[in-house]
Amino acid sequence: DGGITQSPKYLFRKEGQNVTLSCEQNLNHDAMYWYRQDPGQGLRLIYYSQIVNDFQKGDIAEGYSVSREKKESFPLTVTSAQKNPTAFYLCASSIAAGGGYTFGSGTRLTVV
Amino acid sequence: AQSVTQLGSHVSVSEGALVLLRCNYSSSVPPYLFWYVQYPNQGLQLLLKYTTGATLVKGINGFEAEFKKSETSFHLTKPSAHMSDAAEYFCAGDNSGGSNYKLTFGKGTLLTVNP
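One line per chain: the protein sequences are A and B, in this order.
All residue numbers for the first sequence refer to my numbering, where the first residue is 75 and numbers rise by one.
All residue numbers for the second sequence refer to my numbering, where the first residue is 2 and numbers rise by one.
Careful, some of the hints might be misleading.
[Unchecked claim] Listed below are the simulated PhoX-like cross-link pairs for lysine-lysine, each with C-alpha atoms no more than 25 Å apart in a straight line: (1) B:103 with A:131; (2) A:145 with B:103; (3) B:108 with A:157; (4) B:50 with B:70; (5) B:108 with A:131; (6) B:50 with A:144; (7) B:70 with A:83.
[Stated by the list, open to error] A few chain B residues that face chain A, going by a derived Cβ cut-off under 8 Å, partial list only: (8) 42; (9) 45; (10) 59; (11) 102.
In short, the hints are calculated from the structure, not lab data.
Bear in mind the structure is a predicted one, so any value in this text is a computation, not a measurement.
All residues carry an ideal CB built from backbone N, CA and C; glycine is no exception.
Build the full structure now, drawing on both the sequences and the hints.
Structure follows, in structure tokens:
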């Protein structure tokens, strides 16, 4: 079955370390997105990519980086510059306008 | 720019009661509209969507929503709440028309179902 996979489900890192969250989809979707979710704050867009080798900053891109070398993959790196990285991170993909998003199951990152 | 507003960050109902979650959008162009549900520590799952055609849209788990252009609303309803409906619900809209496709999400409404 087609879907979008995020790994790992839970991730623990020490303060000051960079960490990369994986997002893979086999839906043949062109666009992919990363959101951050904190309690009571809804979904906040970090980065998005409409096509391979191209991506745009979202509303809260500072302290994060992405790459889109393959259509299927859109990894997110949380760098040491991100002041408060502990959060739930969601990856999504979409095919076109009107189709909505398909979401992964999320990665909960805890920085200690 | 389009915005999506969900009225009420927390709604509490009794089991068997009507569920009504409110969503309004602001846009000069009727958008595509979506409702998603999120259970704890999970991703968002599509409940239903409105693109064109019939304004009353039926989704999964007995939910439905009606697109009302005159009221710029897309409220989500379910006639009888079940304990398993307890979750967070997000309304989203898109009127990008193609390129630079990106949804605008509401802040979410947490639904509590009391026995």
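> Holds or violated: are the alpha carbons of residue 50 of chain B and residue 144 of chain A at most 25 Å from each other?
Replying inline: 29 Å, violated
> Does residue 70 of chain B lie within 25 Å of residue 50 of chain B when you go C-alpha to C-alpha?
Replying inline: 15 Å, holds
>> Would the hint on residue 102 of chain B be counted as holding, given a Cβ-Cβ threshold of 8 Å to chain A?
In response: This interface hint holds because 5 Å falls under the 8 Å limit.
>> Need the status of pair residue 145 of chain A, residue 103 of chain B: alpha-carbon distance at most 25 Å?
In response: Judged against 25 Å, a Cα distance of about 17 Å means the pair holds.
> Regarding the pair residue 108 of chain B and residue 131 of chain A, is the alpha-carbon distance no greater than 25 Å?
Replying inline: Holds. Residue 108 of chain B to residue 131 of chain A sits at ~20 Å (cutoff 25 Å).
> Taking the least C-beta to C-beta distance, is residue 42 of chain B closer than 8 Å to chain A?
Replying inline: Holds: closest Cβ of chain A sits about 7 Å from residue 42 of chain B, inside 8 Å.
>> A closest beta-carbon separation below 8 Å is what the hint needs, so does residue 45 of chain B meet it against chain A?
In response: Check passed: Cβ of residue 45 of chain B comes within 4 Å of chain A, closer than 8 Å.
>> Restraint: residue 59 of chain B near chain A, CB-CB cut 8 Å. Satisfied or not?
In response: 16 Å, violated
> Is the straight-line distance between the alpha-carbon of residue 70 of chain B and that of residue 83 of chain A 25 Å or less?
Replying inline: 40 Å, violated
> Regarding the pair residue 108 of chain B and residue 157 of chain A, is the alpha-carbon distance no greater than 25 Å?
Replying inline: 23 Å, holds
> Within a Cα-Cα threshold of 25 Å, do residue 103 of chain B and residue 131 of chain A meet the stated pairing?
Replying inline: Distance ~12 Å between residue 103 of chain B and residue 131 of chain A Cα, so the pair holds.
In summary, the structure is inconsistent with hints 6, 7 and 10 from the numbered list given earlier, while agreeing with the others.
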